[in-house]
Amino acid sequence: MGQTLTEKILDDHLVEGELEPGEEIGIEIDQTLSQDTTGTMVWLQFEALEMDEVQTELAAQYCDHQTYQFDFKNTDDHRFLRSAAGTYGAYFSRPGNGICHNVHKENFAAPGKTLLGSDSHTPTPGGLGQLAIGAGGIDIAVAMGGGAYHVEMPEVVNVRLEGELPEWATAKDVILELLRRLSVKGGVGKVLEYTGPGVETLSVPERTTITNMGTELGATSSIFPTDEKTEEWLAQFDREDEFVDLGPDEDAEYADEIVVDLSDLEPLIAKPSMPDEVVPVREVAGEQVEQVIVGSCTNGGYEDILPAAKMLEGRQINAGTEMIVAPGSKQASEMLAREGWTAEMMAAGVNFSEATCGACIGIGHVPASDSVSLRTFNRNFEGRSGIEDDSVFLCSPEVAAAAALKGEIVDPRDLADELGDLEAPGFELADKYSAGYGADDPDIITPDEAIDDELIKGPNISSVPVKDPIDADVSGETLLKMGDNITTDHIIPATSDILKYRSNIERLSEFTLSRIDDTFAERAKAADSGVLVAGENYGQGSSREHAAMCPMFLGVEAVLAQSFARIHKANLFNFGLIPLTIDEDTYERIEQGDDVEIVDDARAASSPARRSSRSA
Amino acid sequence: MNDDWEATAYLDASERERRTLAAGGKLSLTKQRHGDSGAASPADD
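So the protein lines, in turn, are chains A and L.
If you count by our numbering, then the first sequence holds residues 9 to 624, one letter each, in order.
If you count by our numbering, then the second sequence holds residues 1136 to 1180, one letter each, in order.
Extracted from the complex, chain A is given alone in its bound form:
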């Protein structure tokens, strides 16, 4: 029987288990990446494991979430990360150089390789045929030390693309269409593998927009085959020698097939406050827009911003709308500037941000109260923008630029009709990217160029908390009962006032679940032992392991939920919290404040001999 592309790459890297869906497998990791939110814990754990040197082919450390460095704690973290990369032999991308996914895609992503990253959007380079998976920081630390990464063998789903995108429809609309059909849980336990004649009509940056946002479907990863377009993309960075011709066997069998006819797509938009609240743009046209942001790891490439720039050329954005462009990498910024597009956008009234995750996690450009913000980002979870009752829509750069011109949500096709001279910008690649990137990128310090050979820890960088082995008796109060789709942003917000404590778990834990109940941390600490209760899809969103580490630090022993998001569930195991699945009746019956006792011997239930256990 033939193999899917996913199976081929996994087979090449398999060190444990068999490629049977649902079975746990161990795979060898070729590359790792970390960013500054999760990276400090990755390296502190690497240190705690008493490792001497990175063992993977490549490890890269980026500084992209807190690049504004408004507090010395952030700057200290970046200095610590530089020192860790230097000490242990990783590449270090300096603050401001760009978002990890964009810089990695430009410099290091390689077809056929495995990549493990401590960021949920790590699957982005799947658009180049790399099998990339997001995981918790301890998994990255172990992988860097040469250990295998373990994951439940996902089902491989064939997403067959047919036809060709019509004018004004984009790659963003492809993934929004999948979110509309499948919901934020539709990809759980699956790798989405793209095939079909539509693939060759999409460039690599368009493919990476789709793979990046496969995370919002809950997918383990997303991947495209490689072709001439992949080779041409790599050649733009003088990396064509890394090209490998990859694709599924003709007789590959998939668990399921989803067909998307690209020619049927139209401009789509995700309404507040979930990425799967997708409707045609025309359905919400007329809504006044006060803020528009083009950028992020989803749509922050040079090629993503260029269509918006073309639409703005010689025009003025609406006086009631602020527009910000936040490129995904300094390289994208440099190219836009060198070709004159930055000046064109500034003349139209655009403000520029440095290349950072920034506004996507509520760090800068927080929307005004009671206002609409249109963003080309991948998430619009309530409150993520930095204001609790926000109203954030997700869309393509073309729809964003149209809204900036009109001052309200408008289908760009209708705006083109109205203006008479607005042409569809299409999707254009650069002839050649700036020389001097990759190993010669002035903002990437290679292992050979390291300037540190020992860790530099500021006063805000503490040690990694370690939980004691599990007790036979586990019991405690139901400290909090929550609903469905609780995100890691609910558990530990990533806003700047909180995230600056990411390397200091004692201090950070004071903010645990504060967006749901600001008395939680105090009550949990006083109780010393307790459980959390939640509905479906608990822990969706980012890979940040602080969302498991902080409840553990406060004494939470177990989480009882109707279902768990993949990475967060792994993080619960990694920090010794018991993830127990309950049915709807049990969920409905448990009240906050109830005393819960696990009747089974919890230690025995955790023994490898038991495959499934009953608790109560």
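Note that these hints are calculated values from the structure, not bench results.
All C-beta atoms in this analysis are idealised placements derived from N, C-alpha and C, irrespective of residue type, glycine included.
Certain hints may be false.
The calculated lysine to aspartate or glutamate pairs, modelled on EDC-like cross-linking and capped at a C-alpha distance of 16 Å, are [claimed, not checked]:
no.	chain 1	residue 1	chain 2	residue 2
1	L	Lys1166	A	Asp60
2	L	Lys1166	A	Glu58
3	A	Lys465	A	Asp84
4	L	Lys1166	A	Glu55
5	L	Lys1166	A	Asp476
Residues from chain A shown here face chain L by an in silico Cβ test under 8 Å; the list is partial [unchecked claim]:
no.	residue
6	Glu32
7	Val474
8	Leu568
Position chain L relative to chain A; hints supplied.
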């Protein structure tokens, strides 16, 4: 629950995940299994 009623909850976990839980987490488990060696390339399993 409250010494009053019982319900069934399920621990859907692999053998490796159960070992991790029992040890108190992956860091503890990895250190337990490989801490003495101080080697640079321990596998976690």
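* Decide if the proposed pair is consistent with the structure: Lys1166(L) and Glu55(A), CA atoms, cutoff 16 Å inclusive. => holds, 11 Å
* When you check the alpha-carbon spacing of Lys1166(L) and Asp476(A), does it fall within 16 Å? -> Roughly 13 Å between the alpha carbons, so the hint for Lys1166(L) and Asp476(A) holds.
* Is the interface hint for Glu32(A) satisfied, with its Cβ closer than 8 Å to some Cβ of chain L? -> Interface hint status for Glu32(A): holds (4 Å vs cutoff 8 Å).
* To do: Compare the distance between the alpha carbons of Lys1166(L) and Asp60(A) with 16 Å, and conclude whether the hinted pair is satisfied.
  => holds, 14 Å
* Asked: Does Asp84(A) lie within 16 Å of Lys465(A) when you go C-alpha to C-alpha?
  -> Given that 16 Å is the threshold and the Cα spacing comes to 7 Å, the pair holds.
* **Cut-off 8 Å, beta-carbon criterion: hint that Leu568(A) touches chain L** => holds, 6 Å
* Satisfaction of the Val474(A) interface hint, Cβ to chain L closer than 8 Å -> holds, 6 Å
* Quick one, are Lys1166(L) and Glu58(A) close enough, alpha carbons at most 16 Å? -> Judged against 16 Å, a Cα distance of about 9 Å means the pair holds.
Going through the hint list in order, the structure satisfies each hint without exception.
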